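In case you want the letters, here they are:
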Amino acid sequence: MRFKLLVASAAAAMVMGTAPALADLVFPSLSYRTGPYAPNGIPFADGYADYFTLINERDGGIEGQKITLVECETGYNTEKGVECYESTKGQGALLYQPLSTGITYQLIPKATADGIPVHSMGYGRTSAANGKVFPWVFNYPGTYWDAASIIVKHISDQEGGDLNGKKIALVYHNSAYGKEPIRTLEELAKKHGYELSLYPVDHPGQEQKATWLQIRKERPDYVTMWGWGVMNQVAIQEAANIRFPMDHFIGVWWSASENDVLPAGDGANGYKAIAFHGVGADFPLFDDLKKHVIDAGKAAGDGSHLGEVLYNRGVYAAMLAVEAARTAMKLHNTTDITPAMMRDGMEALVLDNARMAEIGLPDFGPEINVTCSNHGGPGLGAISQWDANSKTWSLVTDFMGADREVVDALIMEDSEAYAAENNIEPVACGS
Amino acid sequence: MNVEFLFFLETVLNGLMAGVMYALVALGFALIFKASGIFNFAQGVMALFAALTLVGLQTGQVPFAHLINAIFGTEVHHFGWELPAIVAIAGTLVVMVAFAYLFEGLVLKHLVNQEPIILFMATIGLAYFLEGFGDLMWGADIKPMDVGIPSGGSFWWEDVTREWAPEGSDYFGMYVDKLDVVAAIVAVVLVSGLVAFSQYTKFGRALRAVADDHQAALSVGISLRTIWVVVWSIAGFVALVAGIMWGAKSGVQFSLSLIALKALPVLILGGFTSIPGAIVGGLIIGVGEKLAELYIGPLVGGAIENWFAYVVALVFLLFRPQGLFGERIIERI
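Each protein sequence line maps, in turn, to chains X and D.
Okay, so the first sequence: first residue is 1 according to this note's numbering, each after it adds one.
Okay, so the second sequence: first residue is 1001 according to this note's numbering, each after it adds one.
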């Protein structure tokens, strides 16, 4: 009997030891540190975790409330991602950052039913930007359709404003993610008169010879890419092999990390990609991360990814979560916020340049003003370019806006169709 | 020659080259299956592990650095030296032989005379173990592979083939990747060597005897354990060659293990027990999928080459279940 009691007490102590304290702010991290996509998942997860650690260590938490990060390994697998959601939501999860378009699609109805906000930052279902139909889903500061439109705008700028008769090719991951920009590019093709050709690449994209032989034959003026994982590295290598001009090859922000260009060596020089946040580590916040987190031995990884594109993105995602939680606390006049309050905070998030400078990220990203009807944010993006000599990315344009006339119409059309299919009554927003 | 026909030839040529790359992976499967009747599920992961080890040795990476740092609070990552490619390749070979020795001693010797499905399950376990072990040993980041193999399109071949097009046509020559040409040469040398080893050496004959009948081979004094170590070592060497070629294309990363999926239709088509079959099967699959992608793909939305390879293999399976070069099994009741 005594033995059973001891075992039960030990088990209870273990459970208590691993579960977050009741008053903590719980942010699950659906990460992938294993499997084929781990090289991209690790820096993002490290950045996401390190920023929360910084807030705990330097500031004592958000307005005095400590943050608990609950990490769950998805392996970039949709089923595992849903399992992670189910196993962590009961721990008081305030917000999910699924880090996968496939997982996001699965979580949209689940999280909506459970009343937990989802932030699919720059990925997921683009039309979730319509907050009236998707009140629990946010994808600020930009969507895939914004990205497609901004890439076309950049190409247009390069061509003196005239795209008539030009050929643009899209090389895309043959999945829900990769197919996202097609509608937008088709609509923009009608508007600007360019010819769009589509080249799907099946997972994982290790062999793309047929695709690039076609591109070599058709000779498009520009190639844009929606790739992920090994598909990016192979595509950039193949483009370099066929001597496609790299400054005419523009990837989406998920085809824009150091991992994607380094294997191609000098061949990747000049490759471009759209970015929704700054590059490099030359921001005051990174000094704090180094001092309070990495040098203090409290980093999630070994600290070697600091300043890399995907690490920065993880930091940015965590920073947006912290600012939204802070907004929620002010709105509801309590530091003990619920997921519903967190949602309110996200919907009322205002992040101007002055606040970004205070955080230590001046000019790191565009100003953000989320509203009830617009969960997609400002939809701005800048073009970054890879320098193979210095092995660095740099922003070569200012942040630019998407073609709102085209993108907003598509968002409205798609979200309304979703609402009709799922019998969703759009919420009434003030404006 | 008509430009469209030249493009067709270019597609065929590149399909053949891609097929050689698939065959390099399929060879490892065929070798082990031929010698022991084991379908080695871990062959793709062995290619990954060999490539990780090669780059790790070459760049002077400290094995298990993350683990060491986590336990001892140190910050070791690299030894500070770099090895020439040839030395790193030799070092990797030693590691692969040691791996074969350990796998035989720890797993295979306990499974002698077990059903093939049991041995197959053991290789599934090996695949997952080796993937995790490789991650722990060398880390999960993408590592550029540089062993001095040339890559990129051949200017010389472009110049030669440009002359074949009608005058005045806007044709800029046929594309062929130098890396693929090197892979083709390596594959020819490798297959010739393996066939010679199998046919003309004492070990090769012993290997074939074991493949025919374990117990009969044992009864004439052939050491099953030695044969298995030799076969798994050779498969490790083939995995290293495949890992180098594929790693040079896309960097060494964990998706490299998925190249095994490309080898399956090749094996179905060529036969699981034939070394030349792996090459011929690879060539047919390579050309078939590239032509399908280019000429049928646009009609059905594209991205068909992955599954089209399996369709080709299944069609062959209907008419020749043992594959093109596989042994026909006739059992009399």
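Read the hints as simulated data drawn from the structure, not as lab findings.
Any given hint could turn out to be false.
Claimed, not checked - Think about it this way: if two alpha-carbon atoms lie no more than 27 Å apart in a straight line, the pair counts; the simulated DSSO-like pairs of lysine-lysine are:
(1) Lys217(X) x Lys1178(D)
(2) Lys391(X) x Lys1109(D)
(3) Lys290(X) x Lys132(X)
(4) Lys167(X) x Lys132(X)
(5) Lys191(X) x Lys290(X)
(6) Lys89(X) x Lys110(X)
The structure presented is a predicted model; accordingly, all values stated were derived computationally and were not measured.
Hint-by-hint comparison with the structure:
{"no.": "1", "hint": "Lys217(X) x Lys1178(D)", "verdict": "holds, 19 Å"}
{"no.": "2", "hint": "Lys391(X) x Lys1109(D)", "verdict": "violated, 49 Å"}
{"no.": "3", "hint": "Lys290(X) x Lys132(X)", "verdict": "violated, 41 Å"}
{"no.": "4", "hint": "Lys167(X) x Lys132(X)", "verdict": "violated, 37 Å"}
{"no.": "5", "hint": "Lys191(X) x Lys290(X)", "verdict": "violated, 48 Å"}
{"no.": "6", "hint": "Lys89(X) x Lys110(X)", "verdict": "holds, 11 Å"}
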